[in-house]
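Protein chains in written order, with our numbering: chain W, -19 to 234; chain G, 80 to 234.
Check each hint, because a few of them may be wrong.
Some chain G residues near chain W, calculated using beta-carbon distances under 10 angstroms [said to hold, decoys possible]: (1) 118; (2) 137; (3) 138.
The set of hints was computed from the structure by calculation and includes no laboratory data. From a predicted model like this one, the values you see are computed outputs, not experimental measurements. Note that CB positions come from ideal geometry on N, CA and C, so glycine has one too.
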Amino acid sequence: MLTFTIDGQTVQAEEGQNLLEVALAHGFDIPTLCYHPSVSAYGACRLCLVEVTQRGRSRITTSCNYPALPGISVVTRNDRIDRLRRLVMELILCRDPGNPQLQAMADRLGVDRTRLRFASRQDGCILCGLCERICRESIGADAISFVGRGHERRLATPFDEPSESCVGCLACAMVCPTQVIEFTQDADTRTIWKRTFTLVKCKECGAVLGTPEELALFQRKTGLDASYFDTCDACRKKQTATAFAAVTWGGQRP
Amino acid sequence: MELEMVDRIVDRYDARSSALLAILQDIQQEANYLPQAALRQVARRLDIPLTRVVRMATFYAAFSLKPRGRFVCNVCLGTACHVRGAGRVLDQFQRTLGIGVGETTDDGLFTLQTVNCVGACALGPVVVVGEQYHREMNNRKVDRMLKSYRKQAGE
Ligand code: FES
Ligand code: FES
């Protein structure tokens, strides 16, 4: 355990935690676009700026990849931080000024327009790489990655072909802070990154459970019995309740 | 594309995934570009995700995922060359060869690329073809140079 202060308040943290997660856990409000608690920090969006003072020296830094250190004092908001965040927001916003999620963040930071123009493309992607990290670190599928460099940098499957390792779990689309990863789903199929998956349904009620590929992956990773993935949460609960009722009340619900 | 070539190169580095960059360089050296099948084989042999291979292969300007011509012309657009008129030199290449940057002529002879500083700023505008450095380039010298490479190819 180590102790330091955030906006004058004394807080405690574990060794190895970053400033952002400590601050968020203590209820401080820090804007982020590229942060997700379940994957490594990447420091792409630069919105999580804070001022850190250590041994009398202070500097502005991103909090998502700055370690909690004993005795430092952290300021989450002041004029300088606000100004820098607004500038950063303008830079991000120029990637796609029409994107609703970016507009919402801009509003929150008091930015109403961007003075810059990013001409190469305006597809809403801010290259935060969260989709890549979720796919690699959490799901373990490794289906997408950054390709190219400079203004041509983008996220894609290898050779822009349907990826063999994609399991169709949609995690990338769900975490995308600008919600620009496209997928479609109808009653029986789901399509993402140009690959179409058939959907597995709950044996009891027919609710969609996911793709066979993702269920197989989750089964392998969790070690749960394959039959666990036959039914949806609600039906499984019902089954369990029925099984327990059978031994508790002789099969009769009270 | 012979995958044996890839295997041979991978073996040279004991299939160490930390040697990925060197392996890609060697493949590019032999095949003149990085064929898809080769990249897939590298991922398989090194037992790493294909995304990691593609990410690296597309990051470095020195790698090409498309077949390239026999003479790869790198026009330096670094700051020094730029102020000395590299833009005009590049235009001349595009006009004379009838291709854009990153493209290859139909006869498979020339590929046009740009680089940002090759460390020979005093000689700018610089054009690097293969291992050869051409200094203080201008439109006339571009035409003369291309002609001599054509002749070389015809021999
Ligand atoms: S959350 Fe820290 S840089 Fe994006
Ligand atoms: S700018 Fe062309 S060699 Fe440096």
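Hint by hint, here is what the structure shows:
1. 118: 8 angstroms, holds
2. 137: OK, holds: residue 137 (chain G) within 10 angstroms of chain W, min 4 angstroms.
3. 138: 5 angstroms, holds
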